[in-house]
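**Q** Okay, here's what each chain looks like letter by letter:
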Amino acid sequence: MKLFYSALLLMCMVGIGMQPLAAQEEPAADSSPRVRHWVFGLNAGLDRNYHSVDMVYMTDMRFDKYREGSVFGFRIGYAPTKWLSINTGAVLIQKNYHMDHVFQYYNLRYSLPTTTTNQYVNVPLELRLSVGNTVKIHAFGGVFGGYWLSSHRSGTTYSFSNDRNYEFDEDWEFNDKRDNRLETGFTWGAGISGMIIGRIEVGADIRWYYSTSDIQKPYMVNLNPRYNTAFAIQAGVSYWL
Amino acid sequence: MRHLKFYCIVLASVALLLASCRKEPLENNGNPNHILCRTYTQQFETIWAGMDQGYVFWDRDTVDWDKRYEQFKPIFAAFDSRPANNPVTYREFAEAYYGLFQGLLDHHLTARIYTPKGTPRGACEVIIQPGENDYVHPTYPDQERNLQLKALRKKAIPGTMKEYNPNTTYGIPGSYFCLIKGANEGELIAYFRFTGFSMVQMHQMYEYGSSAFPDAVKAQAPAKAFYGPRYHEGINMEGAGYANNDSVVGIIFDVRGNGGGSVADLSPIVGSLGQSPTLVGYTRVKEGYGRLDYSAWSESWVASPANAHLKKAKPIVVLADINSVSCAELATMLIKALPNGTFIGERTYGAIGGLYSGNATNIYHDLFYDGCFGDYDYFENGPDPYKDIFSFYIYTSTFHMVDNNYGDVEGVGVQPDIEIKYNYKLLEQGTDNQLDRAIRFLRVGH
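As you go down the protein sequences, you meet chains A and H in turn.
With the working numbering applied, the first sequence has no gaps in its numbers, which climb one by one up to 1591 at the end.
With the working numbering applied, the second sequence has no gaps in its numbers, which climb one by one up to 1032 at the end.
In isolation and in its complexed conformation, chain H is listed as follows (with noise of 0.2 Å):
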């Protein structure tokens, strides 16, 4: 029993070491909601550490987002210690930052960053879009889907094309829809196509007023003309009210050059195709600053109205091209889901997942360890030239989604069943390839 007390103190002072073993931890990791930024390094080490704690792809990003702070740092360092009368260029600033976010895989990231001492004062604003495509169209989607439309109404049966705000007038979506003829007589296909998806938020707007949208109050009374009082709950199925005829074998849902919009016109529009709710994919956010510290994944269902969907399965084409961005990819995905549906088309762009941005950005950036973060007001409003102030506003996901086997679309897109590329020449000879293909393809089965 005499050594007793030795070992004893031998062992607690064996016990007190140890606790030097563990490493430090982080003293202050730096809030990405810091805003009023006030030097290029403090601009930069807030967007920098913004990045490396708030976004949600760096298990698949290849980017090494710590030996770009390694390579920035001092280049922004060198921006402060530049005397009054060498200011920094708009191209300096420009090409450090298109250097910082090169590459990275987000196809929703968008970056606008704002400094006031550039030169010419006030001017200094980039905005990059890094998550770019190889594969791109040589015509843009407002001349493409005239062309589209040309050819469209060459196959529609005389007096079916019924057209709202094909133009996007006021930047609200338009939408067309009219009936083709099938494989035998008698027999209908219905076709529809949405530009963007942005139905709902309208509805909301203009039941309860919005002084801050009056375009879209002005664009809901035709809208309601065309689609039906009832179209936000259903609005193919009710507003059109044609696809459930049972005369209509097949229908053709066009989402090319849909740039997307919200999500809460998913369930409405594209959820009433199916019968009942469709697994869609899976999401998940993040639960920490460590750039791997994720949640578990979530399952996305997209409901169908209850007493607006399609009663009876048939087969339905989803035409998407490189053009459909977000909530388009996201329809695609859904009617791809559809154990009766069939994607036709080109890959899809791959900026699938989804975002919380707005007022909020910042605490939904708190709550969920990622996505858009900075100054809203500056994104909203633009740079105030008169504030000291270097100011950004970084739009990234919120949430990292994949299909419903896991497989990862962002940057990769959804990749069509049935493979048709698009074709400015035919198309230009008013021949839409790719319409043609879905109209086959629900004519004879395959």
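One chain only, chain A, in its complex shape (with noise of 0.2 Å):
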């Protein structure tokens, strides 16, 4: 959580940091403006993951609302006027989250606790609306696809022939025919940049990365759907050619 704070707090003072420069013009030889189209960043943040499950009847079991993550990627964008611009890239984000089987059996209580990690990479087109000049304010919305890479999963289970608890940490073996490892979803939020030194910019967004793909294939009738909302603050550089 401090962490997550901390970042946000970066952020706030990277945009007050800004130098009042034009974010895709800069004085030409001959003194008029010369337009830049193209835009090539990095960025870095943190998430926090909603892992969305209708719960049924399932009362002893307790999902955190949120979990946080890690992000990390690259954005390419195009921008034929001043406040629009178009822009992909790849985000390797975190969507984690953390369950805890919680029950009372004979007057003791158990707690049966797993956090999973989860390594997605998040591949977005966006629409990207601008207002300003010295400082600009972005909003920004569009669809993304995804892959799910990799997840781990750490915790405590029940061993029927210790008959005590076990503690795991281990790699999630993915299984073909319950996990859905391709995402789709929508993605928006809103952001402020600014240059700084030449063609470089610094900007900082939050964003939601809303996936409406379960992350389960349809492998049974009853089934209970999965999803993942991330939201996410990123700190970021660019320059434009």
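If you're looking for bench data, these hints aren't it; they were derived computationally from the structure.
Treat the hints with care, as some may be off.
[What the hints assert, rightly or not] Here are the simulated DSS-like cross-link-like pairs (lysine-lysine), alpha carbons at most 30 Å apart as the crow flies:
| no. | chain 1 | residue 1 | chain 2 | residue 2 |
| --- | --- | --- | --- | --- |
| 1 | H | K900 | H | K767 |
| 2 | H | K609 | A | K1527 |
| 3 | H | K609 | A | K1567 |
| 4 | H | K897 | H | K767 |
| 5 | H | K1011 | H | K748 |
| 6 | H | K653 | A | K1527 |
| 7 | A | K1567 | H | K653 |
| 8 | H | K659 | A | K1567 |
| 9 | H | K653 | H | K609 |
| 10 | H | K748 | H | K767 |
| 11 | H | K897 | H | K741 |
| 12 | H | K741 | H | K898 |
| 13 | H | K1007 | H | K748 |
| 14 | H | K900 | H | K736 |
| 15 | A | K1527 | A | K1567 |
| 16 | A | K1527 | H | K659 |
| 17 | H | K898 | H | K767 |
| 18 | H | K1007 | H | K736 |
[As the list claims (entries may be wrong)] Computed list of chain H residues with no C-beta within reach of chain A, every gap over 12 Å:
| no. | residue |
| --- | --- |
| 19 | S667 |
| 20 | P669 |
| 21 | P716 |
| 22 | D720 |
| 23 | E773 |
| 24 | N831 |
| 25 | G874 |
[Unchecked claim] Here are some chain H residues the structure puts well away from chain A; computed CB gaps all over 10 Å:
| no. | residue |
| --- | --- |
| 26 | P673 |
| 27 | L774 |
| 28 | A923 |
| 29 | E1014 |
All figures in this text were calculated on a predicted structure; none of them were measured in a lab.
For glycine and all other residues, C-beta sits at the position ideal for the given N, C-alpha and C.
Both chains are given apart, each in its own frame, so use the hints to dock them into the complex.
**A** Here it is, written out as structure tokens:
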């Protein structure tokens, strides 16, 4: 949590420290403004994933509302006009969740927690609308496709033969029948940016990755869907060509 | 800036619309613990849903359970719409449920289903065990056991044969023990046979008293006399006391025809053959109602009793066959997992998933999201023909177990290191070919 809010504060400071330069315009030799169309950037940040599961009557299962992870990626943008750009790229994003199986049996309280760390690559395609000159404010929205790269889980389960809890820490083996590794969804958010030195721009944004694809394949009729929604805060640096 | 408000409104509207892109969650999955069914359809739906959500082998099973629903739902609906003068017959009822369960992998699975509305009244109870093997013996285990005992007597050194409850009086498993000559003069092979595993349970009943199992209490005193007073803590080593003898160069542990029992026996009886805890395999349960919502695998160790185990590793042969079931298969896996253990005989039955049953059946089912469910009272005491309830009890594995190489054993059985098939003709003539091979292995070393 502290890390998350520290990142938010850092990005606000980055926004405040930006120099008052035009985003994609700079004075040319003949003193007429030269418009730059292409931008490449790197960004990194933190995210919190909300793993949505319908609990039906699983009253002994507790899912943490949010779980933190990290984001790292690059972006490629094309700006046909000063206020509109089309952006894509690739983002390595963690969509983690924590589950605790809590129950009481013969006056003893049991807790069998599992923390699952999921690594996804998301490829967004979004329209970005910008306002402002020296410091720009953006709002953007679009779609994304993704792939579930890997998963790892650790926690406690119950051992039958040993009649006691058992600690585990293992890579998740994907099951072709169960796991839907392809992901689609929508992304939207808002951000702030400004030029600092020459063609280098820094910026920060907040965004949601709202997945519309179930993480499970429809392998059974009575299947309860599970979805990820990641909220990311990220800062980055871009270079205008 | 004047466009900003417009953009924000557009984005917010899109965001709201997106929420409708997700599938709606299920409204009601049907609690599998409902046991008060009033119609054929309700009973079928409850059993189907209980298996759908709480059967632990869906990752391996090839049965299309959704298709079974489509196939059998109309049949049970038709039963409900029958007029009173045309009641459902036993045959129709049984055929429908046999069809529903046919081909399921779980070799522990026993479905007991009862309807009070069939013909004749109160007699419509079906008992289904779908986990069948292609390979079976032409004779019954009791018959085989007597013939094998006869053959064993020929091999035993005179005066060493000890028998306890060989005919499983009171329904309580028996045991034999004897010494067989080794390869060289003065060398001995210790032979143990267990026809079932319930020694610790018996001990507990004896110690704490149990009016529910008076037979077990009755059998306790002779058990103590045979195995020694502390048999439940290391039966072979303390009770019989032979295996640690230096002149014993090998051990035969025979669980042929052993129908299983309680895992509480594993450590004192079988674990005592090892010098340290043995990793037998891995187990897992479920963590949700999805068929493939599995927990992580957890290691299954069997302890070696601290003061009552085999002090020095000696070659051990476990003899098992197609009639070695459940706990007997675990014993086979355990000995096979020992560095000095060898399995001779034929594949075991293949019912290895652990079970939690009993009065708390449905609590266990809720805790582990799988396993037995239904009316345990009906299972214990039989149907009550005066109760107008469609009772059922589904006895199915709570734990999916694999061996210590993650090899699946359910429905497949534990595979022998040296396969020697059961031979009834030879046995009738007084020769136990499986026992002979075990003796030869311990005498010759291969």
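**Q** Now, for every hint given, state plainly whether the structure supports it.
**A** Verification of the hints:
Proximity of K900 (chain H) to K767 (chain H) is assessed by CA-CA distance (about 15 Å); at most 30 Å being required, the pair is judged to hold. Restraint check for K609 (chain H) and K1527 (chain A): satisfied, since their Cα atoms lie roughly 19 Å apart, inside the 30 Å limit. Straight-line distance between C-alpha atoms of K609 (chain H) and K1567 (chain A) comes to about 13 Å, which keeps the hinted pair within the 30 Å bound. About 21 Å separates the Cα atoms of K897 (chain H) and K767 (chain H), which keeps this hinted pair within 30 Å; it holds.
For the hint linking K1011 (chain H) to K748 (chain H), the alpha-carbon distance of about 26 Å falls within 30 Å, and the restraint holds. Proximity of K653 (chain H) to K1527 (chain A) is assessed by CA-CA distance (about 17 Å); at most 30 Å being required, the pair is judged to hold. Between the alpha carbons of K1567 (chain A) and K653 (chain H) the distance comes to roughly 17 Å, so the proposed pair stays at or under 30 Å and holds. Distance restraint check for K659 (chain H) and K1567 (chain A): the Cα-Cα separation of roughly 25 Å lies within the 30 Å cut-off, and the hinted pair is therefore satisfied.
As the CA atoms of K653 (chain H) and K609 (chain H) are separated by approximately 22 Å, the hinted pair is consistent with the 30 Å bound. Using a Cα cut-off of 30 Å, the hinted pair K748 (chain H) and K767 (chain H) holds, with the two alpha carbons roughly 16 Å apart. Pair hint K897 (chain H) plus K741 (chain H) holds up; C-alpha atoms about 26 Å apart against a cutoff of 30 Å. A C-alpha spacing of about 25 Å is found between K741 (chain H) and K898 (chain H), which places the hinted pair at or below 30 Å, so the restraint holds.
For the given pair, K1007 (chain H) sits about 27 Å from K748 (chain H) by alpha-carbon distance, which is consistent with the 30 Å threshold. Restraint check: the Cα-Cα separation between K900 (chain H) and K736 (chain H) comes to about 27 Å, which is no more than 30 Å; the hinted pair holds. Taking the CA atoms of K1527 (chain A) and K1567 (chain A), the gap is about 7 Å. The hint holds against a cut of 30 Å. A threshold of 30 Å between alpha carbons decides the hint, and for K1527 (chain A) with K659 (chain H) the separation of about 25 Å falls inside it, so the pair holds.
This hinted pair checks out: K898 (chain H) and K767 (chain H) have alpha carbons roughly 20 Å apart, not beyond 30 Å. Between K1007 (chain H) and K736 (chain H), the direct Cα distance comes to roughly 19 Å. Compliance with the 30 Å bound is thereby established for this hinted pair. Annotated as non-interface, S667 (chain H) keeps its C-beta farther than 12 Å from every C-beta of chain A; the closest such distance is 24 Å. Listed as outside the interface, P669 (chain H) is consistent with that label: its C-beta sits roughly 32 Å from the nearest C-beta of chain A, beyond the 12 Å cut-off.
The claim that P716 (chain H) is not at the interface with chain A holds, since no C-beta of that chain comes within 12 Å of its own (minimum 20 Å). Chain A leaves D720 (chain H) outside its interface by the beta-carbon criterion, the shortest separation being 26 Å against a cut-off of 12 Å. No beta-carbon of chain A is positioned within 12 Å of the beta-carbon of E773 (chain H); the least distance is around 35 Å. No beta-carbon of chain A comes within 12 Å of the beta-carbon of N831 (chain H); the shortest separation is about 30 Å.
Consistency note on G874 (chain H): stated as away from chain A, yet its beta-carbon is not over 12 Å from all of that chain's, at 7 Å minimum. In this structure P673 (chain H) is separated from chain A by more than 10 Å, as the shortest Cβ-Cβ distance comes to about 31 Å. Against the 10 Å criterion, L774 (chain H) stays outside the reach of chain A, whose nearest CB is about 32 Å from its own CB. At roughly 12 Å from the closest C-beta of chain A, the C-beta of A923 (chain H) stays outside 10 Å, upholding its exclusion from the interface.
The claim that E1014 (chain H) is not at the interface with chain A holds, since no C-beta of that chain comes within 10 Å of its own (minimum 39 Å).
The structure does not agree with numbered hint 25 stated previously, though it agrees with all others.
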